[in-house]
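Listed below, chain by chain, are the residues.
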Amino acid sequence: MKRSHRINWRGYLFLAPATIYLTVFSVVPILLAGYMSLHRWHLLKPDRPYIGLDNYKALFANPFFINAIRNSFVYVLASVPLGVITALAVALLVVRPLRGVGVFRTLFYVPAVCSQVAMAMVWIWILMPEQGLINYAVGLMNEALAGLGLAHLGSIPTSTNFLNEPGWAMAALVVMSLWIGLGPRMIIFVAGLQSIPQQLYEAASLDGCTGRRRFWHITLPQLAPTTLFVTVTTTIAAFQLFTPVYMMTKGGPQRTTDVVLYHIYKEAWQKFELGMASAQSYVLLAMIVVIAAIQLWVLRRGLTTEEAR
Amino acid sequence: MRRLTRYFTGVFAMSLAGLLVGCGEHHDRDEVVLRVANWGSPAVESSFMKLEREIWTEFEALHPGVRVQIEQIPGHGQYVPKLIMMHASGSMPDVIHLDASSAAVFIDNGVLRDLTPFIARDPDFHLDQYFKEVVEIARRDDRLYAIPLDFTPMVMYYNKTLFDNAGVAYPKVGWSWDDFLDKARRLTIREEGAERPRQFGFNFENVMPFWVLWLWTNGGDVLDPTGTRATGYFNSPASVEAMQFLVDLMTRYHVAPTLADRAAEGVDLFLDGRAAMDLKGHWMMIDYRARGLDVGLVPLPTNGQDPTTVIYEAGLAITANARHPDIAWDYIKYVTSEDVQRRRVASGLAISGNKLAAAHFAGDPVEDAFLQIVRYGRPPWGARVERYPACEDLGREMMEDIQYAHVPVPYAMTRTAKLMDALVKVP
Amino acid sequence: MIEATRRRNRYSANLLTYAVLVAIALMTVLPFVWMFFTSLHERNAQLPTMGNLFTPEGWHFENYLYVLTFGELPVWRFAVNSVIVTAGVVVFQLVLCSLAAYGFARLRFPGRDLIFLAFLLTMMVPAQVLIVPLFALVHNLRWLDSYWGLIIPYPYLSTAFGTFLLRQFFLTVPRSLDDAARLDGCGDAGILWHVILPSSKPALATVGAFAFIWTWTDFYWPLLASSSTTMRTLEVGLSVFSDAYGGTRWPLQMSAAVIVLVPALLFFLIMQRFFVRGIARTGLKG
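Protein chains in written order, with the working numbering: chain V, 24 to 332; chain D, 325 to 751; chain E, 23 to 308.
These aren't lab readings, by the way, just hints derived from the structure by calculation. Please note that a few of the clues may not be correct.
As the list claims (entries may be wrong) - Calculated cross-link-like contacts (lysine to any residue; reagent style SDA-like; alpha-carbon spacing at most 20 Å):
hint: 1; chain 1: D; residue 1: K496; chain 2: D; residue 2: V404
hint: 2; chain 1: V; residue 1: K294; chain 2: D; residue 2: V404
hint: 3; chain 1: V; residue 1: K289; chain 2: V; residue 2: L61
hint: 4; chain 1: V; residue 1: K273; chain 2: D; residue 2: K496
hint: 5; chain 1: V; residue 1: K289; chain 2: D; residue 2: V404
hint: 6; chain 1: D; residue 1: K657; chain 2: D; residue 2: Q629
hint: 7; chain 1: V; residue 1: K80; chain 2: D; residue 2: L747
hint: 8; chain 1: V; residue 1: K68; chain 2: D; residue 2: Q629
Values in this document were obtained by computation on a predicted structure and should not be read as measured data.
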């Protein structure tokens, strides 16, 4: 234990490869984007006047950008807690030493292994009115109810146009994110659960601590680093939602799924305003930083396990 | 762990070997590589790709020491961004396929070379062999930035079988909106109590490049002639009237699928033989032939104006930073030549930009009908206005607002025109 | 008696678990059933309906052959590229991340936490805008259209993600093991190699799995970084069945998607062994 309080200069050596790599391929481009955000920057026009903070002023006066921020928050607030909780719940199931859980773990992972573009196409079908999987299932349910002589309970419409009704479209994107993200998040939780020292459970059962209490007093605290990780990275990924919007809703209906990154994409590649797009990226970055900082603070126990141990 | 390590070491060694192979391939010193970018053929038949490869091989045979490297950029909306990045970073190919509907950003930003000097000093090349309406798309004053490869005007297709079954006369050149609506009504088949018709008179798809022509056939437009303002044009009485007519087809007369109908069907109803008319370009002929649909085609119906239509074109352009401009010119000349073009357009993809090649298909009723319509064609706004593709997005959103949020047409168009103004105004 | 009741309870709890697992599995797998059956429809067919999904006019297994031989595309080359690029990225990231994660989790030096936060920051910037400077950088390194360009500057796969994940797991490895190794004469590198890495196998497999799926299924970076057909990955090379204008050959597109998916699934079945062994070793009880 003493050792860990001494300064170990070799730390820099271990960090060097990743740090150099990130500096070249990430930090420098990020700083360049910051530089671009202070200019009126069209990739093809040699004239790139310095305009100070005008891009930032303009974007806060832009109701569509504000709308995009709001949409992103809605998506994050809905998809992150649901995503983390469902993944943890499923992880607790598949970590049990049951016959064949390995198969289930692999099956749950399948959606993440498929390309996002193909996934978006599959989900367009799932969400279609009438022909789509969900509406078809609803139709079957209606028939079953009618078959049981319960037709008087009424039937649910099978024409819900999920991707074109405000409210539904965002909900559909959230459900899709749960579906795609379940496997990866679950795997991280499984790895986390597996690294909880077994002695802790053995000691606990000697003290007569079982079931639910064991979960709250051992599993959850020991899982804190994992939970922190999953929460923070899920949040970051949620703020960077793009492909499903681009492929499935194009920001519609009535701009209810026009999230920040989609807005940035259009700014950069439809309007060719790279300076403005960079400024918007910085605003997105600032939002993520604030949210992540809050999460790191709330879940700070997960940053180090010294106290827990 | 050891197994995992051994496994990864194995793959790593493999990848290193791969890197070496890859490097060896890319530096052949005495070879001139002519780089040509295209957006990938639409999902045409395999044989078309083989034909294209043959054409490149023939060109290589005619130019010893030259290798044609085709750089396909497939995927939704990836073509323009990647080319822009390539230009900005100095890695642009020598020749690019130029899509008329997004050509302005390249033409007006010095990405392309003026081709008039090449034409002037090449006695074998005759610009008058190419369709004038199409050549003009890539012209700025006396400078020309692309040679037409192939193109298509948007036309009204009709399914002859469905017309015959309903006993409705085929549409004729010079028909009006009223004729169109009358035919569409008689071709719409609705069963008692059904939620929507089994067969529609007209197939509608909410893609602004497909529906903008309705404004033109009523004397309206999207932008003013200088391309810097939409207010007063997109929301002019003529434009609003055209849009109202179009919307009425869906929501009032129900002779065309509403956006909700279209979403529920999920398929191209015309291709499925369940819609009698459709407004599309030549590329659809590939599918219609594959399906054995018996189709005819006519110019658009009008409301007392010309049946103005839009020409969508693929041109070939030489980039400003091309390493081998002269070979690039030879390539363009070769690919757009009569003989090569004749083989290329036989696929049904489009009409050859070369009139001599197009003439080979005279006598084919479909091709003749297309050629009749070319003279009503005008360039798409995207060939003139850099941010017009963003305007087209606004148009699609507007149609959604009208149908799903029940925004009144005049109000929706005025609102959208204002948003377009902000996009296209000169800073 | 009590023993019997407990066993019965456990039995019914297991049954319930299985029921839930099967339900979730159905939800995750059904779309792929649809994908597979759609790929067997006639290649020019439109989107199948529920009515004809399982009863197409003939089973067109030849679609797969058609996709694999389409326009004489070098599909094998695509596959080899995908393997090389994916393996390259996985190995590269694992090495980089585990070194850095060890530094963050175990060593104490000035500025450590600040650097860690900076790492996290790089994960939070969306690739949409960075792609422009990155593309220029890769061009200036003369890496466009080469494996270097496809592997090294992978913009979506953040090294920060892997480092963060591994750090979190390294933290849970008891320090007493380090001290024991140190007494045996191990240095930091020795501890990382002999102590930390072997006890973090599930975490390493997880980071590897993430790197794998991001790279294998990615479309945008390989599209940008490669120009010639011979440098395409499977995902990009086989994307020719939906054109730039939104037209889609559903059966062919889905055949292509299945072709890209199957090797990845096989890989995961292999990886599964590492996850499973992790359980067996720790002997976690239900």
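Please work out if K657/D and Q629/D have their alpha carbons no farther apart than 20 Å.
This hinted pair is violated, its Cα atoms lying about 38 Å apart.
Hint check: K80/V vs L747/D, CA-CA at most 20 Å. Holds or violated?
18 Å, holds
Within 20 Å, alpha carbon to alpha carbon, are K273/V and K496/D?
Distance of about 38 Å is beyond 20 Å: violated.
Pair hint outcome, K289/V versus L61/V [Cα-Cα no greater than 20 Å]
Holds, because 19 Å separates the two Cα atoms, which is no more than 20 Å.
Quick one, are K289/V and V404/D close enough, alpha carbons at most 20 Å?
Within the cut-off at roughly 12 Å; holds.
Taking only the CA atoms, is the gap from K496/D to V404/D under or equal to 20 Å?
With Cα atoms ~39 Å apart, K496/D and V404/D exceed 20 Å; violated.
Holds or violated: are the alpha carbons of K68/V and Q629/D at most 20 Å from each other?
40 Å, violated
K294/V and V404/D were given as a pair; does the straight-line alpha-carbon distance stay at or below 20 Å?
12 Å, holds
In summary, the numbered hints that this structure violates are 1, 4, 6, 8.
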